Amino acid sequence: MNGFFYGKLACGNLKKNGRLYLPYILAAVGIGAMYYIMVALTGDEGIMEMPGAVELKMIMSLGCGVIMVFAVIFLFYTNSFLMKRRKKEFGLFHILGMEKRHIGKMMFWETCIVGAISIAGGLLAGIILYKLVVLVLLNITGLEVSFGFRISIPGAATVAACFAVIFIMTLLYNLRQVQKANAIELLHSGSQGEREPKTRWLLALVGLAALGLAYGIAIVTEDPVGAMLLFFVAVLLVVLGTYCLFTAGSIAVLKMMRRNKGYYYKTKHFTSVSGMIYRMKQNAVGLANICILSTMVLVMVSGTVSLYIGVNDIVNTRYPKDFSITGYDVPDQEKAALKEMLLQAAEESGLTVGETTEYTTLGITAWKSGENIKLAASETERAEGEICIFQLITLEEYARCSGDQQELAEDEILVSVRQGEEGDQAYSINGLNFKIKGYVADLDLEGLDNNVVFDGYFVVVKDNQVLDQIDKIQREAYGDNASTRNYCIYADLSGEAQQKKDCGRRLEELIEAYNQGKAEESHLAARLDIKEEQREGFLIFCGGFLFLGVFLGFVFLMATVLIIYYKQVSEGYEDKGRFEIMQKVGMSPKEVRASIHSQVLKVFFLPLVMACIHLTMAFPMLNRLLALFNLRNPQLFAVCTITCVGIFAVIYGIVFGITAKAYYRIVGEQK
Amino acid sequence: MAILEVNNVKKVYTTRFGGNQVQALTDVSFSVEKGEYVAIMGESGSGKTTLLNILAALDKATSGLVLLNGKNLSTLRDSEVSAFRRENLGFVFQDFNLLDNFNIQDNIFLPLVLAGKNYNEMRVRLMPIAESLGIKGILGKYPYEVSGGQKQRAAVARALITNPQLILADEPTGALDSKAAESLLAQFQEINGAGQTILMVTHSTQAASRAKRVLFIKDGQVFHQLYKGSSTNEEMYQKISDTLTVITTGGKSREA
Chain A
1 MNGFFYGKLA CGNLKKNGRL YLPYILAAVG IGAMYYIMVA LTGDEGIMEM PGAVELKMIM
61 SLGCGVIMVF AVIFLFYTNS FLMKRRKKEF GLFHILGMEK RHIGKMMFWE TCIVGAISIA
121 GGLLAGIILY KLVVLVLLNI TGLEVSFGFR ISIPGAATVA ACFAVIFIMT LLYNLRQVQK
181 ANAIELLHSG SQGEREPKTR WLLALVGLAA LGLAYGIAIV TEDPVGAMLL FFVAVLLVVL
241 GTYCLFTAGS IAVLKMMRRN KGYYYKTKHF TSVSGMIYRM KQNAVGLANI CILSTMVLVM
301 VSGTVSLYIG VNDIVNTRYP KDFSITGYDV PDQEKAALKE MLLQAAEESG LTVGETTEYT
361 TLGITAWKSG ENIKLAASET ERAEGEICIF QLITLEEYAR CSGDQQELAE DEILVSVRQG
421 EEGDQAYSIN GLNFKIKGYV ADLDLEGLDN NVVFDGYFVV VKDNQVLDQI DKIQREAYGD
481 NASTRNYCIY ADLSGEAQQK KDCGRRLEEL IEAYNQGKAE ESHLAARLDI KEEQREGFLI
541 FCGGFLFLGV FLGFVFLMAT VLIIYYKQVS EGYEDKGRFE IMQKVGMSPK EVRASIHSQV
601 LKVFFLPLVM ACIHLTMAFP MLNRLLALFN LRNPQLFAVC TITCVGIFAV IYGIVFGITA
661 KAYYRIVGEQ K
Chain B
1 MAILEVNNVK KVYTTRFGGN QVQALTDVSF SVEKGEYVAI MGESGSGKTT LLNILAALDK
61 ATSGLVLLNG KNLSTLRDSE VSAFRRENLG FVFQDFNLLD NFNIQDNIFL PLVLAGKNYN
121 EMRVRLMPIA ESLGIKGILG KYPYEVSGGQ KQRAAVARAL ITNPQLILAD EPTGALDSKA
181 AESLLAQFQE INGAGQTILM VTHSTQAASR AKRVLFIKDG QVFHQLYKGS STNEEMYQKI
241 SDTLTVITTG GKSREA
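Here the protein sequences line up with chains A and B, keeping their order. Per this note's numbering, the first sequence starts with residue 1, numbered consecutively. Per this note's numbering, the second sequence starts with residue 1, numbered consecutively.
Think of the hints as simulated: they come from the structure by calculation, not from any bench. Model, not experiment: these values are computed from the prediction. Treat the hints with care, as some may be off.
To be verified - Straight-line alpha carbon distances no greater than 20 Å define the calculated DMTMM-like cross-link-like pairs of lysine to aspartate or glutamate that follow: (1) A:K198 <-> B:D100; (2) B:K34 <-> B:E5; (3) A:K435 <-> A:D471; (4) A:K584 <-> B:E171.
The shape of chain B in the complex, shown without the other chains (with noise of 0.2 Å):
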């Protein structure tokens, strides 16, 4: 059963100074089952934001559908938004929004101390994950006492914790080097492997490459998509280049 349904979707914005109206997404549609590892690439002003911010309910769609695990994100109330959130998404973003005045262990609890979980039972469930994410020594250090990738693997916890439907992943390699961002991408694909569903958004080809499947967006269109299937990294990484040298230099439409 797919986890994530995306029907038609359509988002206008109106401008602020003139009231011209600006197309960011034209029709989007493509489900999620559950177990996916979805990467979605588009270029600047594609969409991808946009759709990812109406994925996680930061924003409402213009026209068109989305269900999260059945349920219609368009018809939650404003005061049930942020338990909705809490409860099913688990965020991974660039720049790791991270907050300064907690320590990385209390910085992972915040959506389990927001539903109001015992402190007992937030250890218990930290364990197992800051031990398979490499953290356990960094819990009691701030923020700006570590590096940018146990920044992002903190993060990572902090998606990981409430044990959500779908991680929603906003360019989680854009701010790392890239031996950070390869072991970050080691990190989501075991992650997955155990069962984790993954929505990431990114421009990066190596990041991609990791995912078992990738949607192209142009134009506020999904304009393709490619299976990883049995591909190893790298040949993933020459198909995806490939696309995009298509999608840029304007190649028509072709499925795979």
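Bound conformation, chain A alone (with noise of 0.2 Å):
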């Protein structure tokens, strides 16, 4: 009876507190129901089992820890701030007589109705559109798989157990919140006098360095290894940074202008710089938060939208041709059987061979310093050089493949810089010396070309003899882990995509007949990679990845929406008697209005602006992320970048236009 009565009253005090509680269900239920369709696609068998899916399923996972740890630290903030909003509430009924027990079961109550209304709805809501989701992912991961309505039902209990689990923990602190304190700091906690912020020159500096180092290293590190470790590093810096000059750096600049006498005692300047210092006092913290959220959406939309339209770029960087087939260590007289075989088996599937270029290479990778080539370099000799891939190939591949008639001696190369020192007059590669001759434009063999993470030359040398020599150095050098000599063949092949995939089949058996009754020593060793595959694998892989991208995108906007709306509505209660005085002191109701308009403008877009400018200084080094995948193409990419960020701008705008007519509606209220 007893528990019924403080249902009730729970009840009530939910529907009473309707503006606060409604978008914190409505997020809660978003949430839930975006952890539910990730779970349960992770769990998907009919999906997960599919080729190519794995890397998929790895994804999803990373996409539902993410989603997790965001769940908690959402659900925290929110619960906090409503909280604060009605402590006032729980200091009456202290004062009307409820002890601190009774209001902790009414807090329970509470905390059960929108538990319970939360899963529930985010369960219902994730189960619906469950299926949409999955048909989005099939089509732009290219995925085919039928499927019919399930339910997943350990991603239910999964999603209601940590959902309760985080709603236990919210009670929890909130009856922590009510315990400590007592009835008469409840009933005044939201009119203290709220002091002035000092200004903390430090740590505005701090910020405004950690944000240069940072934007520092975003421009200036050029190798892409070192770029995806610096990344973290600067991401870390710009969220230190970001949080230090939101809440020191504003109130030092605002309180500049306040010491400018001529400036701040100006109708306009007044009231907003001093109205500025407290707002910035209470929502540094969260504009923080909203400006790295959207900094987060924005690279994460536009990188992987990127990565997926370029991933045509990318396959075809890769993989010049229908046909990528890499021989390894092939002896001369085997190159014929095995270009043989490849004929034979595009015959046999019913397609016709097209342009084909093949050549020899050797890569090997090693330290140079200038001059000096060292394989296998020790660690002083690694620290002084700048590792690099040599790409070694005899004259007569390269007039073949070049067309370029050269004359070599003995001890003569040619080089071509892919990206490196131009300008070295002599190589001398483990004490072994060659002159330059001279250097040669681009030479342009393809399938060598997607090595940008190293510096690369390519080097030509006069014939076997050099190359088998430089081989055995390397051979020596590097023993087990030396490379091979790679005889690559890249060709065109004419016909429809499934054909190609059983070329493909029918190659490796004719290989894997070719090497029947042979020693193991001398199997012929090839790897096949068809360009159709490899698509399609890149389209599960980028696909997956704008899946991911995109959800959490929206997570993180939703996110941003309801922050910027519960900043408003508690705004416009502390405005609220700031207004009236001002009224009453002699400002018109117009020019309070215009007043606090461009305060509140000005507050909600910085974090929007300043997430641009880190977007915009953080796009080198995303660049050069990118071109870790292959992908290098920055105006593809710039383009992505600012559709997206005109998107999000738009989005934002609409978001702060609603909430902004909640802010107005409170404040113009009459008592």
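Dock chain one against chain two, each of which comes alone in its own frame, and use the hints as you go.
In structure tokens:
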């Protein structure tokens, strides 16, 4: 019976605070739904057992983790906001004779109701949306799978359990808050005199320095592998810098404005500067959160969209022709056999072989320090030198591939620099000396272009004897880790995608048959990459990332929206009193409105502006990171980024408009 | 010449639910001469606050006329109201109404800043006022750092700094302890002595006893008025008490 009473009371409270609780519940439902979808996707056997879905599953698990962590942070944040607003109410209940344990009971019921609605709503929405999401996912990854209407019981259980735990934690937190405070404190917690924030110059400077350093790293870092590592450093610095600048920097700047008497004592600036000082004190952290979330959304979505759109670029760079066959250490007499098998397989699959490129190359990793090139370098040599990759081919192959006829002596080489230093006169490879006879412009060997991580040089040597010599050096230097001499065939085949795949299978069979009965060491070892299959693989990979990017983008966007909403509402309650006083002292409602509007506008668009600055500065680094995925198309990335920013800004603006209305409703309410 | 004339003012509110009509002011007429110090007394619900709101141009009378310096308040356009208030009226409120985010000096400057005055002029105007009110030392402090009495004196300074035609004070001693109230009332007398017209609405007999004239409002009408003349504060206090007794016990109207 008693429980019934508290339940009813809790219901009433929630209804009364609908303006606060509705968005909270909606957000919880939203995150719950998204979490369910992620968990269910990860566990969906129909999809996850598709070939190529291994990466997809990994990406989705990553998403699960992110949403999980996010749900905890986010629900706690909103809950603490709700508590702040409701303390007065609890104080009143207390004064009216409710003991703390009664308030506790009431809060327990409230949490139960909110939790039950959120979890049920989240699961329902998740189950309904699941099919749609799966369709989208299959569509963008190009996976084909038939599926019915499935409900993932373990998924639902996971979500329910997780959210139950989160809600219990918030309840415990709230109970503690009430336990700690006394009635008078609770009653007056809304109206404590706000102290003016102190200027924390040190923090502001730290923020500035962190941001400067992060930007510096983002712009200066050339090496993509380093970029990957430094990226996280830069991200941390940006987060740190953003928090410091929003909390301390903003106040320092505003106080400087205030010190300028001529500027400060103007009707337009007077109320807004002083108002902003307080606003920033209360909202700095929230705004920094919005800024970081926005940046994350923008980076994620624009990056993944670029990758997805650029899939063809990526695949074409790595696999210039339909078939890429790499034979490892193939003796000269067997090269013809390998090629013969390709032709046979193509014929049997009904394909015609089109343009073909073939060459033999030896790729070695070395540390280059000026003209000195070291294989298997020692620690000190590595520190002094620059890691790079040398691709060696013979003059004969060079002439055949490029059509450029040159003469070379035994100790002479031709060099083509893909990425690295030009201008050396000679190379000394582990003591073996070569004169550089000349630099050839662009040695356009297909398939060799996909190394962007390190510096790269193409070296043309006189003949196979010289190549053997170098091969011997590198085999001695690297032992088991030595490179093989690769015989590469790139061929275009005209026909259907399925035929190409069949041809690939057939070729593998032929190679196996060829190796039948031969000793292990003399097996013909070759690797076959079919562009079509690679494209599909990449599509799953990039599509999975895109899906995750957009999906998480949605989650973060939702959070941003909610934070903006709560900011507006809480500001509204606080500004209400100020608004009334100013009117009494002789400010017209219009002036008050204009002043508040300009402040609110500044405060809420500051994070967006800051996010755009972050994004601009991160652009060079992101570009280099995309290059790691073989996407080297800054224009594409720029267009994607700008489009994403545009769309985001519009959504942000709309949200601002809607929440501003809620704000003015509160401020304009008559007593 | 009368600075303020109130003729047959009537105010009727319609309640939001049910549409009941509530008559807050039935028929109020009085006038205030330049340099006067008038107190308006009445019980809760007598219509004091409504009257003050109408005088402050925060609210409009249902019928009747309010003239401030010959200007009819009901003909003011909405866009003019705020500027008019700023230029002609100074306000002192029971709960001070200082803004927490400004220090005392900036709070006092607020109406001048709104009027677009420059900083040097504001300083020049502030100094003598701050001196006479004894708040020079706390100009840099924030409202939450000073006492109630100091806050109210800051609010008085804010009301004075625009050189208003009329100061409207709404229960100015209501939130002060007796010592602070006493000193504020002395301040008011001093200001009035310097020629400032003051209209004060109050509950407090102590406060009203300092005014040159006291109007009593009951049931939306001016019920009675008392002139201080040459009476001492104590004599005036006694007279007001007597009058209040008569009013609350339901005695008939008698002219003084």
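Hints versus structure:
1. A:K198 <-> B:D100: Given that 20 Å is the threshold and the Cα spacing comes to 15 Å, the pair holds.
2. B:K34 <-> B:E5: This hinted pair holds, its Cα atoms lying about 11 Å apart.
3. A:K435 <-> A:D471: Holds, because 18 Å separates the two Cα atoms, which is no more than 20 Å.
4. A:K584 <-> B:E171: Holds - the C-alpha atoms of E171 (chain B) and K584 (chain A) are around 15 Å apart, at most 20 Å.
Figure legend: structure checked against the earlier numbered hints; every hint is met.
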